[in-house]
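Following the hints, position chain B against chain A.
Going down the list, the sequences are from chains A and B.
For the first sequence, this note's numbering assigns the number 39 to the initial residue and increments by one for each residue that follows.
For the second sequence, this note's numbering assigns the number 17 to the initial residue and increments by one for each residue that follows.
Errors might be hidden in some of the hints.
As the list claims (entries may be wrong) - Examples of chain A residues lying across from chain B (beta carbon under 7 Å, computed): (1) M39; (2) R46; (3) L50; (4) Y84; (5) F267; (6) P269; (7) V382; (8) P385; (9) E386.
It is worth saying that the hints were derived from the structure and are not from the lab.
Just so you know, even glycine gets a beta-carbon here, dropped at the ideal spot from N, CA and C.
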Amino acid sequence: MKYISEFRQQDLARKLAAAIAAEVDSTRRYHLMEFCGGHTHAIFRYGVQDLMPANVSFVHGPGCPVCVLPIGRIDSAIQLVETHDLILCTYGDLMRVPASGRRSLLKVKAAGADVRMVYSTQDALGIARDNPDRQVVFFAIGFETTTPPTAVAIKQAQAEGLENFSVFCNHVLTPAAIQNILESPDVRELGRVSIDGFFGPSHVSSVIGSMPYEFFAEEFQKPVVIAGFEPLDVMQSALMLIRQINSGRHEVENEYTRVVTREGNLKAQRLVAEVLELRRSFEWRGLGLVPYSALKIKAPFARFDAEQRFAMAQISSPDVKGCECPAILRGAKRPTDCKLFGSVCTPENPMGSCMVSSEGACAAYWSYGRVREQAGSARTASA
Amino acid sequence: MSKRFPLRLNIREGAVDMSHGSGGRAMAQLIDELFVRHLDNELLRQANDQAQFQVPGGRMVMSTDGHVISPLFFPGGDIGSLAVHGTINDVAMSGARPLYLAVGFILEEGFPLADLERVVASMSAAASRAGVPVVTGDTKVVEKGKGDGVFITTTGIGVVPDGVNISGDRARPGDAVLLSGTMGDHGVAIMSSRENLEFETSIESDSAALHTLVAEMVAAVPDIHCLRDPTRGGLATTLNELALQSGVGIRLEERAIPVRPQVNAACELLGLDPLYVANEGKLICICERRNADQLLAVMRAHPLGTEAALVGEVVEDEDGFVTMETSFGGSRVVDWLAGEQLPRIC
Chain A
39 MKYISEFRQQ DLARKLAAAI AAEVDSTRRY HLMEFCGGHT HAIFRYGVQD
89 LMPANVSFVH GPGCPVCVLP IGRIDSAIQL VETHDLILCT YGDLMRVPAS
139 GRRSLLKVKA AGADVRMVYS TQDALGIARD NPDRQVVFFA IGFETTTPPT
189 AVAIKQAQAE GLENFSVFCN HVLTPAAIQN ILESPDVREL GRVSIDGFFG
239 PSHVSSVIGS MPYEFFAEEF QKPVVIAGFE PLDVMQSALM LIRQINSGRH
289 EVENEYTRVV TREGNLKAQR LVAEVLELRR SFEWRGLGLV PYSALKIKAP
339 FARFDAEQRF AMAQISSPDV KGCECPAILR GAKRPTDCKL FGSVCTPENP
389 MGSCMVSSEG ACAAYWSYGR VREQAGSART ASA
Chain B
17 MSKRFPLRLN IREGAVDMSH GSGGRAMAQL IDELFVRHLD NELLRQANDQ
67 AQFQVPGGRM VMSTDGHVIS PLFFPGGDIG SLAVHGTIND VAMSGARPLY
117 LAVGFILEEG FPLADLERVV ASMSAAASRA GVPVVTGDTK VVEKGKGDGV
167 FITTTGIGVV PDGVNISGDR ARPGDAVLLS GTMGDHGVAI MSSRENLEFE
217 TSIESDSAAL HTLVAEMVAA VPDIHCLRDP TRGGLATTLN ELALQSGVGI
267 RLEERAIPVR PQVNAACELL GLDPLYVANE GKLICICERR NADQLLAVMR
317 AHPLGTEAAL VGEVVEDEDG FVTMETSFGG SRVVDWLAGE QLPRIC
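Next comes chain A alone, as it looks inside the complex:
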C-alpha cells in the first residue's frame, strides 16, 4: 500500500535497530514515554520492542482518548439518554467503556436507549437532520485531533438552524496533560517514574504544531520528538531521543515532518478558538483535576451545548476498586502490576478503560504482548 508500507519495511527497521544499538550507552537505561495510544498500539502491533536494545523501555502515557475520560462523564451521558427521549451519538471506542454499576453505553443501548455509533460528526448532524422531532446529542471526546470536526459541526448546526442538535463536549488538551505528568510527585519528587524523553503526539501535532511542546522541553529539561504512528517513525524517533539524551540536549525535534509543522494547522486552530474555550479545570482519569486541560463551548454557541440545554448533572464517580488504570495512565504502574489484569479484567469484560481501546496500554499488553510477558516472567523465575 503506497505511503504506508514504506514506513513498515523490515530492512529499514533492521538498519535502524543497528543504529540504535550502536548509539545506546550500555551503562544506563532509557525510559521513553509515548504519550499517544497510537504509538502504544504501533509498538505492540508491530513488535517494535523486539527490535530495541534491552536497556531501552517504552513507558505508556495517557494519550488514549477513551482511557482518560472519567467514569462520571459516561455516567452523565447514560443518565442523559435514559431520562430524555433523545438520540446519543458517539465514536465506536466509547461504547464499551465501563461506567458505574458495570454499565456501559453498549449495555444501555441493549436495554433500549437510542445510542448510535457514528464515524464522524457529520453522521451525527445527518441523524439530526433526519429526525427533526427528536433531540440528537453528540458525545464528543478526543484530543486536539477530533476537536476541529466538533467545532465544524457546531458551526454548521448554527448556520442551518438545526435546533435539535447539541454537543456533550469532552475535548481535552495534550500539552496540559504532559505538563501534569511531569509535575506529578511520581516523577518530580518520588522518582517512582523515570522519564528520559517523550515521543510527541503525531495527529495531535498536525493540528497544534510542534511549538506548544517547546515550553516544557525547556522547563522540565526533557527532549521531545514528534513521532509519526508508523513503526519506522517510532524507531527513528527513538534514535533521535537517545541521541538527544546522550548529548544532554532537551529540544523539540520533529520526525514527522511529512505532516507536522511548527505552527500546525492554523485554520483548524482558529476554528476551534472561535467555537470553544478553555475550561478552568477538568477531571482526567488517572491525573485528577488538571487546570486548563479541556475545552467547553463558548457562550455565543451555548444553545448547542448539551450540558446547558439539558442541565446535565456533574457526576463524580469512583473507579472500580483495585483497578490500576489511574496509575497506569500516569506511567507509574504497568498493566501487569494490576491485580485485575487478565483475571477479572479482559477485553471481553473490561473493568477499566485501559482495557477497552486498542490504544489502551492494558488492551495492548493483553492482545499483543502476553507471550512476551510470560517469557519475561519465566526468565525472571529461572534467574
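Relative to chain A, chain B alone:
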C-alpha cells in the same frame, strides 16, 4: 400457475404481511409463486412438511447457520447466496460432499416482495451452481419492527468419503497452515455498503461455495488434519479456536498472509485489522508439512484457490497462543477478537 389463486401475487409492488405467515391461503400462495417457483426441484415439489430421500452409505454430517446480515444486498452477493454458501461451506469443512439444504425464512411485515424475490432467486442460482438443492423450507412472519427485513437459516447435510477424518482437534506440532486466498474481502465489502459508512471500493465479497475445492483437496490428500472457513472474527479468531481445540500453538508469518491492497487500505482508514475481518469464500487448511506443497498445487489450480499460500506452522504450546512474526520483524500475539471490531478514534 396454480388455479388455487385466481389473483397472482403482486411481487412488483406487494409487501410481506402477517397473513403470509399464518398458514392459510396467502402463505400457500407465497410458497407456490415465489419460493417453489425459484427453488424448484423434485424433492421440494413433494410438497410435504419434510423432504424424503435415500441416503448414501457412510458418515453423514449436518450443519446449520443463521444469516442476519445488514445490508441484505452488498457488492458480490446478498443474504440469499450467502445463506447457501455459508452452510455448504460448514458441511464441506468436514471433507463431506454436501447433498441437500433446508431453509427457514423469518420475514418482517412490510418487507417488499420484490426484494424477497431477489433474495430467493439469488439462493436458487447459488444452489444450482453448487449442485446442492434446497429440498424443504419454512416461512414465518414477524411484526414490523421485530425483524430486519429477512433472516435466513439454512441447514445442510452431506456425506464424508471413507478415510477422511477432518477435525479441529487434529492440529499437531510441525503441521503446516495453509490459506486458500486473500483475507478480509467480505467484511470490507459489507462495511463499504453500510448505511453510515458508505465508501467506494472495487472490493467485492468473496462469498462462494468451497465444496468443490475441498473435494479436490481431499482427493489429493485424504489425511488433511483440519479445515475451517474463517468467517466472523476472521483468520485470527478461527486460528485461536483451532489452537485451543487441538491444544497447540500456531506461529504465523505476516508477510505470507495474502491481503488485497484495497482491503488493507480500507482497514487502515477505519482502524481495523484485516486478520479479524470476515471471509465467506476462504478456508484454512492444516496438514502434515510433507503434504503442504501438493495441497497448495491443488488449491492454486482451482478457481477459488489461485492465491493459496503457506502462512504458518503449528507449534507446541499448551496455552494455545497464536503468535505472529510481523512483517516489520518483531513478534506479537494474535488474540481472539474481543467484542466487535470498533473503529479507533484517532
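Now for the hints, and whether the structure bears them out:
| no. | hint | verdict |
| --- | --- | --- |
| 1 | M39 | holds, 5 Å |
| 2 | R46 | holds, 5 Å |
| 3 | L50 | violated, 10 Å |
| 4 | Y84 | holds, 4 Å |
| 5 | F267 | violated, 9 Å |
| 6 | P269 | holds, 5 Å |
| 7 | V382 | violated, 15 Å |
| 8 | P385 | holds, 3 Å |
| 9 | E386 | holds, 5 Å |
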